[in-house]
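Colleague: Protein chains in written order, with this note's numbering: chain A, 34 to 370; chain B, 34 to 370.
Do not rely on the hints blindly, as some may be mistaken.
For chains that are exact copies, the list does not tell them apart, and a pair is met inside one copy or across any two.
Listed below are the simulated BS3-like cross-link pairs for lysine-lysine, each with C-alpha atoms no more than 27 Å apart in a straight line [claimed, not checked]:
1. K92 with K302
2. K207 with K218
3. K309 with K218
4. K302 with K252
5. K309 with K284
6. K252 with K77
7. K309 with K197
8. K242 with K309
9. K309 with K82
10. K35 with K207
11. K252 with K154
12. K367 with K82
13. K242 with K197
14. K92 with K154
15. K284 with K77
16. K197 with K35
17. K207 with K154
18. K207 with K82
19. K207 with K197
20. K179 with K54
21. K197 with K179
22. K242 with K82
23. K179 with K92
Since the hints were made in silico from the structure, they are not lab data.
There are 2 protein chains.
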Amino acid sequence: MKEYTVAVVGAMGAVGHEMIKTLEQRGFPVSRLVPLDVAANVGKSVRFKGADVAVAEAKEGAFTGVDVAIFSAGGDASLVLAPIAVAEGAIVVDNSSAWRMDPGVPLVVPEVNPEALDAHKGIIANPNCSTIQMLVALKPIHDAYKVQRVVVSTYQAVSGTGGKAIAELTNQAKAFVAGNPVEAKVYPRQILFNALPHIDVFLDNGYTKEEMKMVNETKKILDPAIEVSPTAVRVAVYRGHSESINVQTEKPFTVAAVRELLERSPGIKVMDDPSKLVYPTALDADGRDETFVGRLRADPTVPNGLNLWVVSDNLRKGAALNAVQIAETLIARKLLR
Amino acid sequence: MKEYTVAVVGAMGAVGHEMIKTLEQRGFPVSRLVPLDVAANVGKSVRFKGADVAVAEAKEGAFTGVDVAIFSAGGDASLVLAPIAVAEGAIVVDNSSAWRMDPGVPLVVPEVNPEALDAHKGIIANPNCSTIQMLVALKPIHDAYKVQRVVVSTYQAVSGTGGKAIAELTNQAKAFVAGNPVEAKVYPRQILFNALPHIDVFLDNGYTKEEMKMVNETKKILDPAIEVSPTAVRVAVYRGHSESINVQTEKPFTVAAVRELLERSPGIKVMDDPSKLVYPTALDADGRDETFVGRLRADPTVPNGLNLWVVSDNLRKGAALNAVQIAETLIARKLLR
Chain A
34 MKEYTVAVVG AMGAVGHEMI KTLEQRGFPV SRLVPLDVAA NVGKSVRFKG
84 ADVAVAEAKE GAFTGVDVAI FSAGGDASLV LAPIAVAEGA IVVDNSSAWR
134 MDPGVPLVVP EVNPEALDAH KGIIANPNCS TIQMLVALKP IHDAYKVQRV
184 VVSTYQAVSG TGGKAIAELT NQAKAFVAGN PVEAKVYPRQ ILFNALPHID
234 VFLDNGYTKE EMKMVNETKK ILDPAIEVSP TAVRVAVYRG HSESINVQTE
284 KPFTVAAVRE LLERSPGIKV MDDPSKLVYP TALDADGRDE TFVGRLRADP
334 TVPNGLNLWV VSDNLRKGAA LNAVQIAETL IARKLLR
Chain B
34 MKEYTVAVVG AMGAVGHEMI KTLEQRGFPV SRLVPLDVAA NVGKSVRFKG
84 ADVAVAEAKE GAFTGVDVAI FSAGGDASLV LAPIAVAEGA IVVDNSSAWR
134 MDPGVPLVVP EVNPEALDAH KGIIANPNCS TIQMLVALKP IHDAYKVQRV
184 VVSTYQAVSG TGGKAIAELT NQAKAFVAGN PVEAKVYPRQ ILFNALPHID
234 VFLDNGYTKE EMKMVNETKK ILDPAIEVSP TAVRVAVYRG HSESINVQTE
284 KPFTVAAVRE LLERSPGIKV MDDPSKLVYP TALDADGRDE TFVGRLRADP
334 TVPNGLNLWV VSDNLRKGAA LNAVQIAETL IARKLLR
């Protein structure tokens, strides 16, 4: 089996760490791992297949000989470095929002639109975490019944913000238990024992950038005709985004048929037996690859209405895993030489 | 000013405690407070207006001379004791779900349907916490634009479950910080750093009883024509329920007009200036009387669509305050002699 030189840009971040772990866990054919990060992190190392691999600086020249570069270094770094990586011969899978809506850049969830990869010009974008898990769940429903409108409210984990937010939640818990004042630095308000209806920046239309990602990325990945009305909320959870999703479809369905359909769809695990208190929660999804679906029930307030509860690990399927799956799909589709 | 003998049934519970505090804070005209609870709590006392008041047993005979009895003792106790209290001469304001859907029992949010009190036959029901705050926010919108359909996802505090759940969240936080195993007893799963799409028991239609309360109580209190599609979720918050509400109205509106309307509506405080990161959270509502509304924005995916974020203290407006306000409204409408 052919093996590849794989760069991970932003190797020291929460998602970068998860990407390296995912490459190893899934046995991605890596001949050489090239962990890249900012200059301040050069000299540090990452652990990969039982060895320490030194971190190099993510800059011009760093991508020579790299077959695929998986980026999770933020939008600004991606805007500068992704074209450099492509010029130096790498295919880029970028986890930031920088390139997602570029018409020349495929935006891919492998279970949903792998064929979009075929038209890539060097950069491939990994969708937003909250979009990925929603579309994994909606894709089979859309294929069978044609999704028209989605109202979604999210319950998103702090790890989506990064390592500093994870530490902030822990520090707030420690301060609370010790009876000390709880300080908020990463978020504008205390996240411990709270829920903030605010993820990413606010836009002029009153929605946040996070919310508009769910609107626009759904149209690009699944179907421009699907209307999404989102509310994105941060909760005091470390890992695992949950989503309360209300769907209207064009064609009628039974809940039993939807359940069966989802049970045999890729990337999905149905956990839905309320009589036995079986439903997915963020803690169930932590560290898991699947998108979990539960609370399936008809919404009788509209024709062909459905409510469901969708949970996935935002660092895995929502970020690192989806990016690695894109790289795997590049191999499967013979797009990575 | 005439004063009244007021019994609080379930005086030692989380809501009972809040009721007694609310009676004092609002200067309700109490000539005598009668705290009642189960036999095991007799001998304990509650603090009211600087004095300790002994708890008596909630049983036949306990309501003699009582003008108004505010119940928060659970549905089973209310089913037995409310008719006894009425027979002994009291008007009952009941916080449980036992009587809410009884056609002979008014179900009242004073800002929404105070006139329903006029037909009371002794028992008045206090609606479910998650319904109350939703309807305080929707009432002005309904009057002006006619609400047709609501999709709501909740972020509900553990105090809605009671004192044991509050203790469980604290114990889980202490165990987590100490590095000990986190135990779940009150909830079927760990609530700390998690979100459970499960409040009250599951029904045959796949919805929980909590969710169906929002459906049925909205029809009874505000308008039988309003369709509600709910998802009720417990989060790791002590006090303050948040709700992500998507509304469709019959008549067109502008968001600015809705914001102005809500700003001048009773019981509502609008906190909605995203450019300055102004939006309500559970911690803002803790201990406050108002229902807070923010994140007002048009939903362009349907005609006359609106998204909003509604937060209120579930123990106050969601329970104790609304019950005391019902008693106040009984006085104002000359229904309490």
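Colleague: Give a verdict on every hint.
Modeller: To see whether the hints hold, each was checked on the structure:
{"no.": "1", "hint": "K92 with K302", "verdict": "neither (40 Å within a copy, 51 Å between copies)"}
{"no.": "2", "hint": "K207 with K218", "verdict": "both (15 Å within a copy, 22 Å between copies)"}
{"no.": "3", "hint": "K309 with K218", "verdict": "between (41 Å within a copy, 16 Å between copies)"}
{"no.": "4", "hint": "K302 with K252", "verdict": "within (24 Å within a copy, 36 Å between copies)"}
{"no.": "5", "hint": "K309 with K284", "verdict": "neither (30 Å within a copy, 43 Å between copies)"}
{"no.": "6", "hint": "K252 with K77", "verdict": "neither (40 Å within a copy, 62 Å between copies)"}
{"no.": "7", "hint": "K309 with K197", "verdict": "between (38 Å within a copy, 23 Å between copies)"}
{"no.": "8", "hint": "K242 with K309", "verdict": "between (38 Å within a copy, 16 Å between copies)"}
{"no.": "9", "hint": "K309 with K82", "verdict": "neither (40 Å within a copy, 47 Å between copies)"}
{"no.": "10", "hint": "K35 with K207", "verdict": "neither (48 Å within a copy, 50 Å between copies)"}
{"no.": "11", "hint": "K252 with K154", "verdict": "within (21 Å within a copy, 55 Å between copies)"}
{"no.": "12", "hint": "K367 with K82", "verdict": "within (26 Å within a copy, 79 Å between copies)"}
{"no.": "13", "hint": "K242 with K197", "verdict": "within (20 Å within a copy, 39 Å between copies)"}
{"no.": "14", "hint": "K92 with K154", "verdict": "within (21 Å within a copy, 78 Å between copies)"}
{"no.": "15", "hint": "K284 with K77", "verdict": "neither (55 Å within a copy, 61 Å between copies)"}
{"no.": "16", "hint": "K197 with K35", "verdict": "neither (38 Å within a copy, 58 Å between copies)"}
{"no.": "17", "hint": "K207 with K154", "verdict": "neither (48 Å within a copy, 52 Å between copies)"}
{"no.": "18", "hint": "K207 with K82", "verdict": "neither (34 Å within a copy, 36 Å between copies)"}
{"no.": "19", "hint": "K207 with K197", "verdict": "both (15 Å within a copy, 22 Å between copies)"}
{"no.": "20", "hint": "K179 with K54", "verdict": "neither (36 Å within a copy, 53 Å between copies)"}
{"no.": "21", "hint": "K197 with K179", "verdict": "neither (40 Å within a copy, 45 Å between copies)"}
{"no.": "22", "hint": "K242 with K82", "verdict": "neither (37 Å within a copy, 50 Å between copies)"}
{"no.": "23", "hint": "K179 with K92", "verdict": "neither (45 Å within a copy, 58 Å between copies)"}
The structure fails to meet hints 1, 5, 6, 9, 10, 15, 16, 17, 18, 20, 21, 22, 23 from the earlier list, while all remaining hints are met.
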